[in-house]
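**Q** The residues making up each chain are set out below.
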Amino acid sequence: MTMKGRFAALLVPALIAAGCASFPDRETIRAEAEDAIAHAYPGMPSALTARASQDGSQKLCSRPPQDKLTAEEAMQIVENARASIKYPASGKLVGDWKIGAQLVTNGAGLRVRDGRVEKTRENGALCINCHALDPKEVNAGNLGPSLIGYGVKRGTSDAVVKHTYEKIYNAWLYFPCSNMPRLGASGYLTPEQITHLVAYLVDPQSPVNRN
Amino acid sequence: MRARNVALALMLIASPLGAQRDVDGLSVGRQMLAEDNPGELWVQRGERLFYEKRGPKGASLERCDLGLGPGKLEGAFAQLPRYFADTNTVQDLESRLLTCMVELQGVKREEIVANRFGTLDKDSDMEALVSFVASKSNGMKMNVPLAHPKEREVYKVGEYLFYRRSGPLDFSCATCHSDEAKRIRLQDLPNMTDPKQVQAVVSTGWPAYRGTQASVRTMQHRLYDCNWQMRLPDLGYASEMSIALTSYLNHRGNGGVIQLPGVRR
Numbered sequence: 023m024t025m026k027g028r029f030a031a032l033l034v035p036a037l038i039a040a041g042c043a044s045f046p047d048r049e050t051i052r053a054e055a056e057d058a059i060a061h062a063y064p065g066m067p068s069a070l071t072a073r074a075s076q077d078g079s080q081k082l083c084s085r086p087p088q089d090k091l092t093a094e095e096a097m098q099i100v101e102n103a104r105a106s107i108k109y110p111a112s113g114k115l116v117g118d119w120k121i122g123a124q125l126v127t128n129g130a131g132l133r134v135r136d137g138r139v140e141k142t143r144e145n146g147a148l149c150i151n152c153h154a155l156d157p158k159e160v161n162a163g164n165l166g167p168s169l170i171g172y173g174v175k176r177g178t179s180d181a182v183v184k185h186t187y188e189k190i191y192n193a194w195l196y197f198p199c200s201n202m203p204r205l206g207a208s209g210y211l212t213p214e215q216i217t218h219l220v221a222y223l224v225d226p227q228s229p230v231n232r233n
Numbered sequence: 258m259r260a261r262n263v264a265l266a267l268m269l270i271a272s273p274l275g276a277q278r279d280v281d282g283l284s285v286g287r288q289m290l291a292e293d294n295p296g297e298l299w300v301q302r303g304e305r306l307f308y309e310k311r312g313p314k315g316a317s318l319e320r321c322d323l324g325l326g327p328g329k330l331e332g333a334f335a336q337l338p339r340y341f342a343d344t345n346t347v348q349d350l351e352s353r354l355l356t357c358m359v360e361l362q363g364v365k366r367e368e369i370v371a372n373r374f375g376t377l378d379k380d381s382d383m384e385a386l387v388s389f390v391a392s393k394s395n396g397m398k399m400n401v402p403l404a405h406p407k408e409r410e411v412y413k414v415g416e417y418l419f420y421r422r423s424g425p426l427d428f429s430c431a432t433c434h435s436d437e438a439k440r441i442r443l444q445d446l447p448n449m450t451d452p453k454q455v456q457a458v459v460s461t462g463w464p465a466y467r468g469t470q471a472s473v474r475t476m477q478h479r480l481y482d483c484n485w486q487m488r489l490p491d492l493g494y495a496s497e498m499s500i501a502l503t504s505y506l507n508h509r510g511n512g513g514v515i516q517l518p519g520v521r522r
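If you read the protein sequences in the order shown, they are chains A and B. Residue numbering for the first sequence is 23 to 233, as defined by the numbering used here. Residue numbering for the second sequence is 258 to 522, as defined by the numbering used here.
Be aware that a few hints might be false.
With a straight-line Cα cutoff of 27 Å, these simulated DSS-like cross-link-like pairs (lysine-lysine) come out [as the list claims (entries may be wrong)]: (1) B:LYS439 - A:LYS189; (2) A:LYS158 - A:LYS108; (3) B:LYS439 - A:LYS90; (4) A:LYS90 - B:LYS453; (5) B:LYS439 - A:LYS175; (6) A:LYS141 - B:LYS314; (7) B:LYS439 - A:LYS81; (8) B:LYS407 - A:LYS81; (9) B:LYS439 - A:LYS158; (10) A:LYS141 - A:LYS108.
It is worth saying that the hints were derived from the structure and are not from the lab.
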């Protein structure tokens with residue numbers, strides 16, 4: 023028997039075994055998994071279990087990496103994001119960088135223990151969990167890109183300010199399915215809080231822009 | 258013998274993750290802890306609890322079948338989660354011990370669940386039992402089966418859940434655990450899409466003695482804590498979701514050499 027033939031002989035039983043050991047189809051898995059979610063939080067109030075249900079964009083962003091978005095799906099996410107954005111009543115997109123400085127290091131907000139939501143004065147903006155901002159801050163994560171010098175590099179034009187505000191409000195507007203939470207769109211941060219974060223990023227006096 | 262186990266544990270903790278990361282102050286601290294792993298105390302207590310006659314039925318857990326036959330503990334952790342015909346479900350170590358304590362000892366399920374995570378005031382029997390049973394697979398390789406159709410289904414459900422984004426912060430497991438050398442603040446995040454790292458986590462990761470909590474914590478606790486950070490409600494103990502995720506991770510950790518309990522931050 024040739025090498026090739028021998029491999030083929032070995033392959034046939036392997037393929038039969040693989041055929042028997044097939045996985046259920048995608049729809050069965052989806053239904054089972056959603057049922058598992060529905061039963062994952064016994065005894066929790068419905069206001070909290072509702073957090074585990076998905077909006078349309080979350081559904082589209084829940085695929086394994088090899089299962090890419092189509093152009094239409096990406097457009098749908100961008101449209102949803104565009105429709106979600108609200109601006110502060112004042113119309114002013116740049117707030118106070120000093121208030122922003124307090125928010126960026128605050129990682130608390132909305133966590134649940136024993137069925138109760140943690141008590142906080144306001145939700146923190148979580149920024150340094152994932153981004154380097156102040157070059158003197160050691161305790162910064164790296165899941166997101168470094169934003170050190172953000173304002174120095176981009177300036178403080180109206181276009182930069184608007185882009186920055188919108189990016190924080192709903193990151194999926196510019197990058198569908200980005201790891202970054204849609205902080206304004208979900209109601210986690212208020213429009214006013216976001217203006218302070220914009221200031222922290224672009225103000226020349228902010229630690230982000232001073233070396 | 259003890260010294261050799263400790264040395265092996267050290268190598269295992271240091272090699273798979275350490276090879277790809279700079280040695281930092283925190284990892285030195287973890288190695289020092291591993292040299293005298295306090296988790297040993299949980300193993301010893303778990304052994305005593307396992308063979309003690311307890312509960313309303315006054316029975317030990319010696320008849321508990323963890324997949325390899327009643328009372329057979331060597332290698333049991335290595336093949337969990339798996340399908341069990343008597344419950345007609347796929348179970349992880351914790352849900353299976355729960356079944357045994359309820360069925361064999363007559364302990365109330367709610368009682369066990371209420372005491373699933375130990376506090377400073379009260380130790381958890383479950384954390385001790387898990388430490389003991391897991392340690393009985395030390396030196397063996399993870400070998401979680403996908404032979405039964407339910408095992409394959411639960412595995413795929415786990416994969417689906419790993420990538421499923423939800424909650425006010427749009428998180429999935431993959432948000433934090435699918436890229437190389439990432440951190441939340443200074444906390445290293447294992448990349449669970451990398452075969453070597455998932456092996457290290459499931460074979461030397463949980464149960465682990467956690468320095469910050471002064472207790473052994475289990476895989477169920479790890480998932481519960483991730484859920485908390487994701488701003489989701491308290492994850493149900495031994496819920497189908499928790500078992501599916503464990504099945505997905507543990508199967509993909511097959512081949513990893515077990516050394517448990519681990520030592521973690």
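**Q** Taking the hints in turn, state whether each one holds.
**A** Evaluated hints:
1. Taking the CA atoms of LYS439 of chain B and LYS189 of chain A, the gap is about 22 Å. The hint holds against a cut of 27 Å.
2. Distance check on the hinted pair: LYS158 of chain A and LYS108 of chain A sit about 33 Å apart at the alpha-carbon level, beyond 27 Å; violated.
3. For the suggested pair LYS439 of chain B and LYS90 of chain A, the alpha carbons sit about 23 Å apart, so the restraint of at most 27 Å is met.
4. Proximity of LYS90 of chain A to LYS453 of chain B is assessed by CA-CA distance (about 25 Å); at most 27 Å being required, the pair is judged to hold.
5. Proposed proximity of LYS439 of chain B and LYS175 of chain A is supported: the alpha carbons are some 25 Å apart, at most 27 Å.
6. Proposed proximity of LYS141 of chain A and LYS314 of chain B is contradicted: the alpha carbons are some 43 Å apart, above 27 Å.
7. For the suggested pair LYS439 of chain B and LYS81 of chain A, the alpha carbons sit about 25 Å apart, so the restraint of at most 27 Å is met.
8. Under the criterion of a C-alpha separation no larger than 27 Å, the hint pairing LYS407 of chain B with LYS81 of chain A is consistent with the structure, at around 25 Å.
9. Our distance criterion of 27 Å between C-alpha atoms is met by LYS439 of chain B and LYS158 of chain A, whose separation comes to about 20 Å.
10. The suggested pairing of LYS141 of chain A with LYS108 of chain A holds, with an alpha-carbon distance near 26 Å, which does not exceed 27 Å.
The structure is inconsistent with the numbered hints 2 and 6, although it conforms to all the rest.
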